[in-house]
Amino acid sequence: MSEVRGSLKPVIAHGMRLQWEPAQEAHVLLYPEGMVKLNGSAGAILARCDGARTLDEIVADLERSYGASNLAADVNAFVSFALEKRWLELRE
Amino acid sequence: MNAVTQPAPGSAAARAVGPPLWLLLELTYRCPLHCVFCYNPTDFASTAAELSTAQWLKVLEEARALGAVQLGLSGGEPLAREDLEPIVAAAHGLGFYINLITSGVGMTEARMRALKAAGLDHIQLSFQDSTREMNDFLSSTRTFELKSKVAGLIRAHGYPMVLNVVLHRHNIDHVGEILAMAEAMGAQYVELANTQYYGWAWLNREQLLPSRAQLERAESVTREFRERVGNRMKVYFVVPDYFETRPKPCMSGLGSVFLAVAPDGTALPCHAARMLPGLQLPNVATSSVREIWYESSAFNRFRGEGWMKEPCVSCPERKKDFGGCRCQAYLLTGDPDNADPVCELSAHHHLVTEAVARAEAAASQPKAAREQVLKFRDHRTSIPVTTGEPQPRGRD
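Chains as they are written, first to last, in the numbering used here: chain U, 2 to 93; chain D, 2 to 397.
Just so you know, these hints were derived from the structure itself, not from any lab.
Since we're looking at a predicted model, the values are computed, not measured.
Wrong hints could be hidden among the right ones.
Straight-line Cα separation of at most 27 Å, DSSO-like style, residue types lysine-lysine; simulated pairs [to be verified]: (1) D/150 <-> U/10; (2) D/321 <-> U/86; (3) U/10 <-> D/249; (4) U/38 <-> D/150; (5) D/249 <-> D/235; (6) D/117 <-> U/38; (7) D/235 <-> U/10; (8) D/321 <-> U/10; (9) D/150 <-> U/86; (10) D/150 <-> D/117.
Computed far set for chain D versus chain U, every beta-carbon distance over 12 Å [as the list claims (entries may be wrong)]: (11) 65; (12) 73; (13) 98; (14) 125; (15) 171; (16) 245; (17) 297; (18) 314; (19) 361; (20) 365.
Glycine residues also receive a C-beta, built at the ideal position from the N, C-alpha and C atoms.
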């Protein structure tokens, strides 16, 4: 898994849909005939992957929202994982 | 917890049951095709009238309120319903992720545009009949033209192109050609799904089950194809469970996540459950989806482990495979509470290995000597299914 450049803009991959499901009290990722129930941090990251914000901006927003610091490595690792799973795509 | 009794609404037992996340609406049994491997009930012609549009919309609303989120629209051929577009639009408005499972017969540019506008998320194009159309397909004639046209529409409207092909003895040797055709029509995903033996496929099992050598050849061809195309196409190969030694975790356990509704409104804990003896299957026309899912005896019948017998009841793997498939246990042993005979720990496992051995013997006969009596799904041959050994009869 390689590092994702912070200036790139991740977006939910074509054919996938992210939504909040009250019955499961979780974000889920929906795709053809399948579903992934996301844990809190995965949901928080993917909910910010709107194709408009850069990865650096997403990290800054998460650090602000959760009053945390040094999230960059964890977020980058998850985004790499999600790219490999084809949950996310990257825009320039 | 005794899973066979009905948990009181709001009780701990009822709360332990999760929502019906996966809703499958079999909108109609009408279909222009006559596939020998169809899993529709073999007595489908005797089922009652189809639900109205308003009744389907009520099912969607009630199921979504419980947390259903993945929606399959199938049949029969769902395009045979003229109200498919308003059904899709209503489902989209409710927040479902909507999968259309179709043969493509009846798909036009106008309907594709309307379905896209209504919010359809995904289309699975399935490949059909085993013999005539298989030949058409392999010789690039009519079927290939139809599939290519529909595949082109699917791609032009921005959908991933997903092709599903059901494999059996008569087409499994052509996996290489099937994959090449799928590539030529621009498929991004191909599911090579070996036949599962329910419904019409059960009646035809002795003619459809491949030999182990056929299966291994097909797997090896699939592996080589995967290596050649890399990420461009994703190919799934589903091994028929008759060749396994442990059963599949069917539906993640009945009444766990899956709810199917048949064309006449009958609610089913799995597609094939209509055949199970003694199940009082509820109907969405007379009960709410909440009552059906949480309170009906049919949906509680196989929840938990109270119904299990040996070897399942003391087996550590029961939490993983839930004893396998109830319909397969019933079809092969006559008792739906038995272990799925696919499991080598089942006292009835020999029924599966003997069927495989007969397939091996049939495959080793010269081609001309092989009996090829297949029952094609149509209204004329629609009959109730029986348990034990399938007794396929000719098309009289």
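Those earlier numbered hints the structure runs against, lowest number first: When the structure is compared with the hints, numbers 1, 3, 4, 8, 9, 11, 12, 13 and 14 turn out to be violated.
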